[in-house]
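Student: These are the residues of each chain, in order.
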Amino acid sequence: MATRSDTFARYTAADPASAEIAPTAGRDRGLVIFGWLAFAALIITQVVAILMSPPDRMMGHTQKIMYIHVPTAWGAFTAFFIVFVYSLLYLWKRDRRHDDVALASAEVGTAFTAVTLAQGSIWGRPTWGIWWTWDPRLTTTAILLLIFAGYLALRAFTDDPDKRARWSAAVGIFGFINVPIVFMSVRWWRTLHQVQSTGDSVAGVYKLGLLLNVITFTAVMVYFILRRVAAARVERAAESRHEARMIGGY
Amino acid sequence: MPNASADWGWSWVMLAHGVTWAMLFGYAWYLSGRMARAREALDSEMKLENGR
Chain A
347 MATRSDTFAR
357 YTAADPASAE
367 IAPTAGRDRG
377 LVIFGWLAFA
387 ALIITQVVAI
397 LMSPPDRMMG
407 HTQKIMYIHV
417 PTAWGAFTAF
427 FIVFVYSLLY
437 LWKRDRRHDD
447 VALASAEVGT
457 AFTAVTLAQG
467 SIWGRPTWGI
477 WWTWDPRLTT
487 TAILLLIFAG
497 YLALRAFTDD
507 PDKRARWSAA
517 VGIFGFINVP
527 IVFMSVRWWR
537 TLHQVQSTGD
547 SVAGVYKLGL
557 LLNVITFTAV
567 MVYFILRRVA
577 AARVERAAES
587 RHEARMIGGY
Chain B
107 MPNASADWGW
117 SWVMLAHGVT
127 WAMLFGYAWY
137 LSGRMARARE
147 ALDSEMKLEN
157 GR
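So the protein lines, in turn, are chains A and B. Per this note's numbering, the first sequence runs over residues 347 to 596. Per this note's numbering, the second sequence runs over residues 107 to 158.
It is possible that part of the hints are untrue.
[Said to hold, decoys possible] Stretch by stretch, here's where chain A covers chain B in the computed footprint (C-beta under 8 Å, at least three residues):
| # | segment |
| --- | --- |
| 1 | 121–128 |
| 2 | 138–144 |
| 3 | 150–157 |
[To be verified] A short list of chain A residues far from chain B (calculated; beta carbon distances all over 12 Å):
| # | residue |
| --- | --- |
| 4 | F430 |
| 5 | V431 |
| 6 | L437 |
| 7 | A516 |
| 8 | R536 |
| 9 | Q540 |
What the hints contain is simulated information worked out from the structure, not anything from laboratory work. The beta-carbon is built from N, C-alpha and C at its ideal position, and this holds for glycine as well.
Extracted from the complex, chain A is given alone in its bound form:
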């Protein structure tokens, strides 16, 4: 008859990293300080950008929405790139720690994409006179949101952690293909949306504020991903111990 420790060892052999995770995981002091600094820097760069930039000749003060809209979209694209890389790594190495990072990035990317669409809509109403239009940039972004919302929903469909990680890795890789399409949509098709906000297309007076906010939004995004990874690891450790206890019948 298998003993409790035999059963636990057998189960955790499939997920060795989970055996080392303690309930104190994620209480990393460095990460907490990084989070506070990232949020403080974001508030400062927003205030600086808003106060420093004069109203745009055509858009008035609504131009200032660019300081949150472009960095949020950038954060979402970066998060989905991380999903792509860690999904490939998972399929290659079959290490569940890679799946934790892909999941965390997909969740953060989805939240950022939803807010990007909301900000765009709020900007579009006074500027274009409409909340929404089936413009290629808007439509491809909405598709991106649906794909990654599907990625997150898919994970609830199976209790098998390997199957869950494998299925979501496939969707993560497939979903990322849409990111370059979203990015290039304003050049490939005739759109209402202006071209990408880059160093060449943004007026000099707005460049520094935009750059600073892209950096601070990225820092907040990285903080969110690291915190979500820590939570996913603790959840996985609890899950594998629970399974081992159920299998062992103790």
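Place chain B on chain A using the hints.
Tutor: Using the frame of chain A, we list chain B on its own:
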């Protein structure tokens, strides 16, 4: 051409910021709750494991 007077557009800027900060603080709050529940689950699993 839209109205480009000096005070034009602030309400839209505030609305966009409201949505953005709601997401940022809302997600941070959700993460704290998620982590607390995960720690509690792991803690109780370890207690059960050590109690036998």
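Student: Each of the hints needs a verdict: does it hold here or not?
Tutor: Against the structure, the hints:
no.: 1; hint: 121–128; in the structure: holds (count 5)
no.: 2; hint: 138–144; in the structure: holds (count 3)
no.: 3; hint: 150–157; in the structure: holds (count 4)
no.: 4; hint: F430; in the structure: 21 Å, holds
no.: 5; hint: V431; in the structure: 22 Å, holds
no.: 6; hint: L437; in the structure: 25 Å, holds
no.: 7; hint: A516; in the structure: 25 Å, holds
no.: 8; hint: R536; in the structure: 22 Å, holds
no.: 9; hint: Q540; in the structure: 15 Å, holds
Every hint from the earlier list agrees with this structure, and none is contradicted.
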